[in-house]
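Visitor: What follows is each chain in one-letter form.
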Amino acid sequence: MRSFFLFLSFCVFSSYAQDRIPYSNPMDQLEYYEEHGDGARSDIRRLAFLDVYDPLEPVNRLFFGFNSGLDRYFLKPVLNLYRVTVPSFIRKGVSNFFQNMQDVPNTLNSLMQLRARAALRSGTRLVLNTTVGILGFFDPAEAAGLSYQRNDFGMTLARYGVGAGPYLMLPVLGPSNVRDTFGLTGDILVQDTVNFLTVPEHYYSDPAVFAIYGINYRSEIQFTYEDFESPFSYDMIRFLYTRKRELQLQTVY
Amino acid sequence: MIHFRAGLLVLFCLYTLCSGASYQYPIQNPFLSTVMGTPEHLWPDLSGPAINEINLKIYHPLATGPIPSAFSNSRRATVRFAWQNRPAPLIFLVAGTGARFNASKVEFLKRVFYRAGFHVVQLSSPTSSDFMVNASNTHLPGISRQDASDLYRLMQASLKRIEQFNQRLVINDIYLAGYSLGALDAAFVGALDDRKEVIGFQRILLINPPVYLERSIQNLDQLTRVKVQGVDDTTELFNRFFDQLAEYFRKNNHLDVDDSLKEVIGREVETMSDGELALLIGVAFRFSIASMVFTADIMNRTGLIVPEGQPITVTESRTPFFHRSMHWNFQQYLERLLLPSLNLHRRQQGDSLLTRKDAFLQSSLPVLERWLKKSKNIGVMHNADDLIIDQEGLSFIYDTFGQRAKIYPYGGHMGNLQFSANVQDMVGFIKTGQFPDA
Numbered sequence: 160m161r162s163f164f165l166f167l168s169f170c171v172f173s174s175y176a177q178d179r180i181p182y183s184n185p186m187d188q189l190e191y192y193e194e195h196g197d198g199a200r201s202d203i204r205r206l207a208f209l210d211v212y213d214p215l216e217p218v219n220r221l222f223f224g225f226n227s228g229l230d231r232y233f234l235k236p237v238l239n240l241y242r243v244t245v246p247s248f249i250r251k252g253v254s255n256f257f258q259n260m261q262d263v264p265n266t267l268n269s270l271m272q273l274r275a276r277a278a279l280r281s282g283t284r285l286v287l288n289t290t291v292g293i294l295g296f297f298d299p300a301e302a303a304g305l306s307y308q309r310n311d312f313g314m315t316l317a318r319y320g321v322g323a324g325p326y327l328m329l330p331v332l333g334p335s336n337v338r339d340t341f342g343l344t345g346d347i348l349v350q351d352t353v354n355f356l357t358v359p360e361h362y363y364s365d366p367a368v369f370a371i372y373g374i375n376y377r378s379e380i381q382f383t384y385e386d387f388e389s390p391f392s393y394d395m396i397r398f399l400y401t402r403k404r405e406l407q408l409q410t411v412y
Numbered sequence: 002m003i004h005f006r007a008g009l010l011v012l013f014c015l016y017t018l019c020s021g022a023s024y025q026y027p028i029q030n031p032f033l034s035t036v037m038g039t040p041e042h043l044w045p046d047l048s049g050p051a052i053n054e055i056n057l058k059i060y061h062p063l064a065t066g067p068i069p070s071a072f073s074n075s076r077r078a079t080v081r082f083a084w085q086n087r088p089a090p091l092i093f094l095v096a097g098t099g100a101r102f103n104a105s106k107v108e109f110l111k112r113v114f115y116r117a118g119f120h121v122v123q124l125s126s127p128t129s130s131d132f133m134v135n136a137s138n139t140h141l142p143g144i145s146r147q148d149a150s151d152l153y154r155l156m157q158a159s160l161k162r163i164e165q166f167n168q169r170l171v172i173n174d175i176y177l178a179g180y181s182l183g184a185l186d187a188a189f190v191g192a193l194d195d196r197k198e199v200i201g202f203q204r205i206l207l208i209n210p211p212v213y214l215e216r217s218i219q220n221l222d223q224l225t226r227v228k229v230q231g232v233d234d235t236t237e238l239f240n241r242f243f244d245q246l247a248e249y250f251r252k253n254n255h256l257d258v259d260d261s262l263k264e265v266i267g268r269e270v271e272t273m274s275d276g277e278l279a280l281l282i283g284v285a286f287r288f289s290i291a292s293m294v295f296t297a298d299i300m301n302r303t304g305l306i307v308p309e310g311q312p313i314t315v316t317e318s319r320t321p322f323f324h325r326s327m328h329w330n331f332q333q334y335l336e337r338l339l340l341p342s343l344n345l346h347r348r349q350q351g352d353s354l355l356t357r358k359d360a361f362l363q364s365s366l367p368v369l370e371r372w373l374k375k376s377k378n379i380g381v382m383h384n385a386d387d388l389i390i391d392q393e394g395l396s397f398i399y400d401t402f403g404q405r406a407k408i409y410p411y412g413g414h415m416g417n418l419q420f421s422a423n424v425q426d427m428v429g430f431i432k433t434g435q436f437p438d439a
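The listed protein sequences correspond, in order, to chains G and H. Going by this note's numbering, the first residue of the first sequence is number 160, and it counts up by one from there. Going by this note's numbering, the first residue of the second sequence is number 2, and it counts up by one from there.
Isolated chain H (complex conformation) (with noise of 0.2 Å):
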């Protein structure tokens, strides 16, 4: 009976040390992992020759109405397009809240997926200016149903461009992948492709999504009201964290947002608490809201940012507007700017108002259960400790995509994306329909 007990203590030890799943990403504050990212070290290796690019201009409208003279720079919706000198598949990549199709993000996964053989198209959020300006309908984003339709008509004028732009270029098979609120938008066009069997997504890869949207809304618009030990005043915190960055810009002169975020924290790591960390993602994410309000609000003329009848030229200062739109939290907009000149629509049109309960229902994944639960071909990465998601929408993950959900321990909110194990995992996803080790 000893010698058996025994036998069970080494198998226990043994299965402990197994099932332990060795994770190596080093990072487990997820503030610090949303902030930092991925330390260069443990990338993948993408290097490789000259990708081939350029970025194509859409000359089929693809937006109603006049452009504004505020957005006069901006005329043609546009996407990045990187092919391969033989044939190969192609994936769509969609940006997360506000980013446009060159963030460094997108510009990452272009990388990953162009080395694993894929011609890849580069789109804009539906979140950010360019395309509300350019490839909106209703030039009001934020509910993923109407999005994603906006979405899809981009992509197959996309298609046609690229058509256009190299005859001879050969695609076999068309994927999808999005990030953030890309990745949502990425599950609806595949839903939406499914009725409307125009593409035929391969595979469809969703990255971090939002589960329940108003759920990622709450959390990220608390984050500006953190407490700070030692900071009762914002402006003076505000301060210090611009102080940062513009000291990162004085070292290496350069501005990018993701980047220069992370440099300026990889640096002061040791002096940031989490509160500040978790200010400066509540900060950036209000940022994107900002910008997204003022093209909103100029687009549908609401008066609510810009008086009515002031024009905004290119000339024109837009310093008070920068203000009044900085003061808007996602939920706001929704409220007051969204849904009143989305109904007024829908009204003239005879359609049922939509309320702000339909609203966060057409964006959240849980309205697509039974689809993503029959579609095997469509996957998804989260983390455990992703801010933007809670412990029903983890669960709901779990429920409805079963093996082909891949949940990592740690990571935050896209920390972990350029990992060289996560690469590994989407790239494996996308080619095979499962993960490697699942």
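Looking at chain G on its own, in the form it has when it is part of the complex (with noise of 0.2 Å):
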């Protein structure tokens, strides 16, 4: 009879507990550095990784709150509408497309960088994919194990010590520097000289061709300038690129 009043005890005992589960601190696995004295540390003190070289702020500035803008009020409804009315094969279709355009100045850029490997990747994705893949629609290249990978004339220019230069906020197409423009141009330059499939010279000829490569461009872009909704955005994105593209750069060096 004993164990049953034990039994009992347990029952309401462990109802409870189980009503109860108890706090476990999370703040107890873990050492600190003392607050004052000694053992303290600088806590957040230098801050130095967030200093980007950027004489031109006042213009760039400007350019981001006209981006911002632009981004709010014209890009997104655009884009949103053209998630809402195009197919998503089609849109898959369509940014394949500009992609194997784009493995032209790749596969360039990487002969330039004299980097053999990536420049076979990139030449073998263009022949396939513009043959196989029907003119780019597809990238049976990515299934064969060949993924698109990025390159171009800024990087190569990087490779060879041209310094990045003053940070830049382009109208229009976001975060960049003095190099990467510069890079940029040429990249267009290339593309139109190649005039691979006579496609490029239409890009700005052509409003309607234009609309739907900018409208790929700025979908592949998941960006928006107000995801950091503080009034600290322009510093967290300016020094964001930076980091971004200077990992880029590491594969080329």
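Just so you know, these hints were derived from the structure itself, not from any lab. Any given hint could turn out to be false.
[Unchecked claim] Now the in silico label distances, taken between C-beta atoms and shown as ranges:
hint: 1; chain 1: H; residue 1: 65; chain 2: G; residue 2: 366; range: 30 to 40 Å
hint: 2; chain 1: G; residue 1: 332; chain 2: H; residue 2: 317; range: 22 to 32 Å
hint: 3; chain 1: G; residue 1: 340; chain 2: H; residue 2: 201; range: 54 to 64 Å
hint: 4; chain 1: G; residue 1: 366; chain 2: H; residue 2: 328; range: 43 to 53 Å
hint: 5; chain 1: G; residue 1: 225; chain 2: H; residue 2: 105; range: 21 to 31 Å
C-beta atoms are modelled at their ideal positions from N, C-alpha and C, and glycine is treated no differently.
Quick one: dock chain against chain with the hints and give me the complex.
Guide: Here's what the structure looks like:
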């Protein structure tokens, strides 16, 4: 009988314990520096990594404001419309098509950087996707293990020692720097000169092609200026862009 | 006797099996869950037809005084409104610390309640920059009682605005939910509404609220001082963190802080220690505080961040002020900016001055204890390993809410928000006033 009472009290106790999950303090699992005194650490004192060479800051901030307005009131609504009205497999096809066109400057830049494997990869992708992938609307190369890798003239310049120069916020196009703006111009000229499948000549002359090109360009970039809803968005985006570019460039050094 | 004992043993085993309530949220490390949230395959199915929604600007001015040129691109308080095409109840959602109405957690909750048949109004946190500029009376957030009255005004203005926007819309009842600091705000709004009786909330749900705000703040501040093995230099550690953030940006060209943090860590899970994760949480919190400090400083012209007389325009560099603001933690904000500025107003109006203790007291749930106990329409969800509370806070929740509290054994701070069982519980409470299996 005694064990019955034991059982009963156990039930009462454990149902109480079940109702009340005890607190397990995550703060106890860590060690901390002292707030003051000898053991103290500099806390978040040195934030040098947030500084980016930006002598044109006032102009850049102006364009930043312009771009976020353009994005909010024009590009985003257009993109939403594009996503709602055009089926995803067509959007994918369009995106593949322009990506395939991009493999022309990718290949050339890899060659200029004397990176044989990267050049071979982009070159093979170009041939395979243009033929088997029906002018690039499909991406069979991806399935064959040759994934897309971006390369641009800015990276070529960097490989030969050209520094980034001042940070730039380009109107419409977004964050960049002086070197990469040169690079972008170079890539556009190269695409125009090669005029692969005679498509690039229509990019800027035919409004319909330009619209599709632009919409696709913007929809590939998922970043929006609103994402850092903070009075410091400009600084965060500037820092992140610069860092992102540094990481990208590690592949060419 | 032996049979009797064996029977008891069987009973005991059965009992243990049944009572070991199976909560299937997979991440038991509180730091990891806080940063990572719920893996997407464990989210509830929220698909359905497109959501009708619009950002509504409140034209009736809620804040006093001119808007400084630094904030010239946000001149009106804004809420996001999603409506059903038939008569439906409406729910207000309040964002957490520093978050705007479009933060990813608010968006998630919107989808949850929209799919459950509600009209939804998303509100920015009183600590977010846009709310501080456009919807706050004092532009000095941090004292819940005062923040609640700002929120309450914004809610009433939103309801009027919604009426203008769609006169045929039918709203049955009004509900309220908030997460993190937004949950604390929601509790104070509820208490205020109980006195003023303007809106009349059918039910209120608090998701992971701070209980004693001072405890929450101290813990979050403490996380920036965490020791991380192998790294002595804070700068190096931040560099590493931002490398990963930038790496994520490189892969995704996407900058949503919540999501990018999640993705960064999601990919680097094996390489991150608890210390590093804790530091990330601390720094992310600091970033919200920095934005708040900067905004409060400009709106009140205290000269603590931006020197007096220096105009801040849209083209002016803010980088030096960013640095300066990042050095402030919440307690410094409270003691050096909030209280002195607020007491200046109060002295002019002949009110008694607030102390640090008062400020924290008026921002903690226990001050509402009696009201919370008797109000059967308020529920709370929390986690037993949430770093913004402590044992005392958890006991307060159990004692005060009783059956209206749902405590999960783990989930960190908001980590299990998107977990399907949690979603079921939150919709269940809002719809029926009790947690499904309570």
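Visitor: Falls inside 21 to 31 Å, the C-beta gap from residue 225 (chain G) to residue 105 (chain H)?
Guide: holds (26 Å)
Visitor: Within 22 to 32 Å or not, the Cβ separation of residue 332 (chain G) and residue 317 (chain H)?
Guide: holds (23 Å)
Visitor: Assuming the hint says 43 to 53 Å, is it satisfied by the Cβ distance from residue 366 (chain G) to residue 328 (chain H) or not?
Guide: holds (52 Å)
Visitor: Take the C-beta atom of residue 340 (chain G) and the C-beta atom of residue 201 (chain H), compute their distance, and say whether it sits inside 54 to 64 Å.
Guide: holds (58 Å)
Visitor: For residue 65 (chain H) and residue 366 (chain G), compare the CB-CB distance with the range 30 to 40 Å and indicate the outcome.
Guide: Distance hint for residue 65 (chain H), residue 366 (chain G) is violated at roughly 49 Å.
The structure does not agree with numbered hint 1 stated previously, though it agrees with all others.
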